[in-house]
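Each chain, letter by letter, is given below.
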Amino acid sequence: MLSRITLVSSFLILAACSREAPVQSAAEANVATPAAEIADSTAVDAPAPANTESSGPVVVYSSRQEYLIKPLFDRFTEETGIEVQLQTGEDGPLIARLEAEGDATFADILYTVDAGNLWAAANKGLLQPLHSDVLEKNIPAHLRDPQGLWSGLSVRARTIVYSTERVDPAELSTYEALADPKWKGKLCLRTSKKVYNMSLVATMIDRIGVEATEEVVRGWVANLATRVFSSDNLLIQAIAAGQCDVGIVNTYYLGQEQQQNPEIPVKLFWANQEVSGVHVNISGAGITKYAHNVAGAAKLIEWLSTDEPQHMFSDLNLEYPANPAIEPIELVKSWGDFKHDTINVETAGRLQTEAVMLMDRADYR
Amino acid sequence: MPLSDQALPASSYQNRLLQALSLLLAACVSVPIIVIILQWGTLGSGEQVIWQHLFDTKLGRLALNTLILVFGVGAGVTLLGVSLAWLTSVCEFPGRRIFEWALMLPLAIPGYVMAFVFLGIFSYAGPVQTQLRSWFGVNSWFPDIQSPGAVILIFSLVLYPYVFLLARTAFLAQGRSTMDAARVLGLPPFAAFLRVVIPVARPAIVGGVALALMETLADFGAVSVFGYDTFTTAIYTSWSGLFNLTVAAQLASLLLLFVAVAMTLEQYGRKHQRYTQNERRKTSRSYQLRGGRAVAATLFCCLILLIAFVIPVTQLLVWVSNNFATDLDSRYVEFFLHTIGLAAMAAVTTAAIALLLALGKRMAASTGMRRWQQRAERIATLGYALPGSVLAVGIMLTFTWVDQLLASAFQMQAILVNSVVALLLAYVIRFLAVAHAPVESGLLGIKPSVIEAARSLGASPSRVLREVYVPMLKPGLFTALLIVFVDVMKEMPATLMVRPFGWDTLAVRVFQMTTEGQWERAALPALTLLLAGLIPVILLVKNSRFMPRGC
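Here the protein sequences line up with chains A and B, keeping their order. Going letter by letter, the first sequence gives residues 35 to 399 in this note's numbering. Going letter by letter, the second sequence gives residues 10 to 560 in this note's numbering.
Rather than coming from a laboratory, the hints here were simulated on the basis of the structure. Glycine is no exception: its CB is placed at the ideal position from the N, C-alpha and C atoms. Please note that the accuracy of each hint is not assured.
Said to hold, decoys possible - Chain A regions said to be covered by chain B (calculated; three or more residues, Cβ under 8 Å): (1) 99–113; (2) 128–136; (3) 220–231; (4) 379–391.
Please construct the entire structure, taking both the sequences and the accompanying hints into account.
What follows is the structure, given as structure tokens:
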């Protein structure tokens with residue numbers, strides 16, 4: 035079985051790599067299909083006319099964990115008959131693998147969390163553009179790559195959490211304000227090695243400049259109640275237990291804790307509402323430069339932006355749908371509406387190196 | 010070292026074949042490691058900026074942290090491993106027969122699992138501290154659970170079995186005869202232990218400590234759970250944070266240099282020493298501990314077993330019981346079979362290659378040849394100190410290159426990348442050092458005089474191989490097989506990157522859960538992994554009784 039798959043995919047690679055069928059033209063041919071097909075919004079879910087030249091499986095390299103996305107792919111296969119092969123791993127190694135494999139790669143799609151990773155892959159020339167009316171209609175522009183190399187598919191908001199027992203939310207305002215000495219010994223942060231914090235700081239650099247950001251980060255470090263945490267869950271539990279009073283987390287981690295313990299004395303505070311808005315990031319995907327099943331890959335990404343899968347993102351991982359027309363599930367809705375930071379998420383990748391160096395200088399570990 | 014212990018005449022056809030084969034294998038295994046070292050060829054402006062930044066900000070702190078960890082873990086595993094090995098092999102006290110195998114069990118627990126279990130139990134929000142606060146108030150003192158001491162403790166608990174296993178084999182071979190001889194010559198007990206017993210067992214102990222330290226240096230999982238920054242952390246942030254794999258590889262090769270220097274120094278330190286024992290241990294006389302001493306010995310073993318195995322397993326069981334119903338599905342059979350299958354294949358391949366390398370060196374025809382064999386062997390066994398995903402990148406680059414070469418030369422399809430062969434090779438490279446240690450010490454235990462005797466009695470070279478080397482090496486080989494088996498089961502980063510489609514293992518499953526902070530849901534695969542590891546671990550202990558003397 036396995037060897038047959040290897041054989042088939044190897045054959046496909048050879049086919050895709052042959053000079054008679056340049057990848058770029060295949061992409062262009064494909065782009066026309068969905069554009070013509072989508073006449074009105076109700077047709078979004080309709081199966082595309084069969085693009086018979088490459089009907090093999092779509093191979094996805096993903097740093098999103100299997101239990102979060104496999105159910106989506108199973109639905110896709112049910113609806114379209116197109117198989118999806120999933121290879122999960124960590125961001126860095128997956129991108130390195132994609133790079134090492136070059137034009138012999140198996141992957142049609144790279145699917146990662148955090149725009150920083152997608153930006154890195156795009157920057158290395160590992161992705162090809164997909165110009166799709168479906169995506170342009172379903173996903174807001176600031177969640178997509180300006181050149182169409184990747185698109186966000188779900189949104190995660192990173193904001194402030196506080197102890198309902200020891201903090202009056204009126205004291206809270208912005209991420210920057212957590213550097214105020216009044217929070218000395220009361221702030222908990224996750225490690226700077228997590229890409230979510232790199233992105234948060236990167237967008238702050240874009241907003242208020244390097245110097246001001248460095249001052250903020252130094253203030254955070256001075257306010258830390260304890261060493262940095264390795265996970266947002268632990269951080270939330272620490273606030274609940276009284277180790278610290280405020281912290282910064284992705285909302286779905288609080289959702290997980292609330293599902294376990296509805297009475298947990300920790301709440302979300304929407305940061306920066308008077309100014310830039312809450313820092314949002316994405317999970318998203320792009321078609322690989324040397325994909326052999328471009329049509330299938332495009333179809334899968336487009337499908338993921340439509341109603342049902344968008345609902346499922348919210349269901350499976352308590353994230354926000356990237357498609358603004360879709361409502362999240364009850365628990366997520368109960369946190370209330372908030373203003374997003376609409377800076378293009380690509381900024382997070384562009385300034386990530388600078389952010390990492392800044393955090394190192396500020397001794398944020 | 011005398012050269013007269015060759016089973017095969019230097020000129021024989023078989024010997025030359027053996028030499029060539031062993032050098033060739035060493036070269037193959039070394040390629041990905043060399044690919045990583047060659048990254049020094051690229052030192053553009055981007056790399057220089059990052060190096061400057063690392064020097065300016067954190068390299069010093071990370072190097073210091075790493076040294077603290079290395080010395081702490083080195084001391085920890087030596088103290089635990091040697092004391093427990095001595096107690097269970099030469100003394101008699103209540104429970105000894107259970108402890109002699111039970112104390113090996115922590116080997117089945119991956120370091121990253123131990124780390125998240127301990128953090129789950131002892132963190133501020135965990136059950137222990139919560140209970141203490143409810144008794145003694147919110148300001149009750151508790152040691153810093155993320156301190157260097159805690160990290161050293163975790164590593165010592167999961168890694169001491171390497172020292173325990175190898176030291177025990179050596180102590181069993183010594184019996185109490187060395188100790189008795191030293192005592193008769195007038196040394197007080199502790200001095201006799203330090204000055205006679207330990208030096209005789211030194212190669213075995215050092216072998217175990219070296220394995221433990223190389224694993225410590227390569228680790229990223231456990232240290233990242235604790236937020237303890239080491240050299241490996243710098244490797245990862247250069248890669249994932251600063252998007253520069255070249256600097257990551259350069260940092261990794263510095264790590265290798267450090268290991269290589271340390272190993273060379275150790276070899277140099279015992280250059281002119283060779284220990285073999287003379288008589289076979291006749292009786293299993295042991296020191297009968299009585300009264301307070303017996304109680305103390307039993308309590309000590311109990312305590313270690315409790316902390317290193319019973320507590321973490323209990324916590325895993327509690328978590329599993331919460332999530333069992335939702336998480337267990339039929340795919341666990343598949344994860345389990347993949348895990349076992351890969352581990353078995355990797356163990357056989359790795360042990361076979363380790364044997365060939367060791368034999369190749371032993372039978373080198375000349376001093377020059379022997380030196381080549383030695384160098385090749387040293388590079389080939391360095392892979393153990395490389396962080397798994399850095400090694401995986403080296404492998405990926407090599408295999409893609411070979412595949413492309415084959416494709417252009419023979420119009421062949423890609424055969425290496427995304428194949429089980431690739432993954433097996435990754436395991437061989439990563440764990441060759443682990444297999445090498447017991448095979449090598451088994452080989453050292455075969456005294457040159459035995460071979461000379463066999464040869465002078467007219468046994469043909471192939472007969473010597475078949476009837477002397479193979480039977481005498483069997484226990485060492487078996488140990489190599491089992492340790493590699495357990496290590497491969499626990500391996501995560503290289504498996505994640507190199508595995509072919511659909512080859513998810515239990516370790517991969519653990520990763521998928523922990524990476525999203527779902528530690529409780531990681532408990533099921535972690536516990537399954539641990540259970541699967543128990544059988545080889547128990548076999549390992551049983552086997553250690555039959556290891557050759559003098560290793």
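Verification of the supplied hints:
Coverage of the region 99–113 of chain A by chain B holds. Counting CB-CB distances below 8 Å, 4 residues qualify, and the rule asks for three or more. Here the region 128–136 of chain A counts 6 residues with a CB under 8 Å from a CB of chain B, which clears the bar of 3, and the coverage holds. Counting residues of the region 220–231 of chain A whose C-beta sits closer than 8 Å to any C-beta of chain B gives 3, which meets the bar of three, so the coverage hint holds. Look at the region 379–391 of chain A against chain B: 4 of its residues bring a Cβ nearer than 8 Å to a Cβ of that chain, three or more, so the hint holds.
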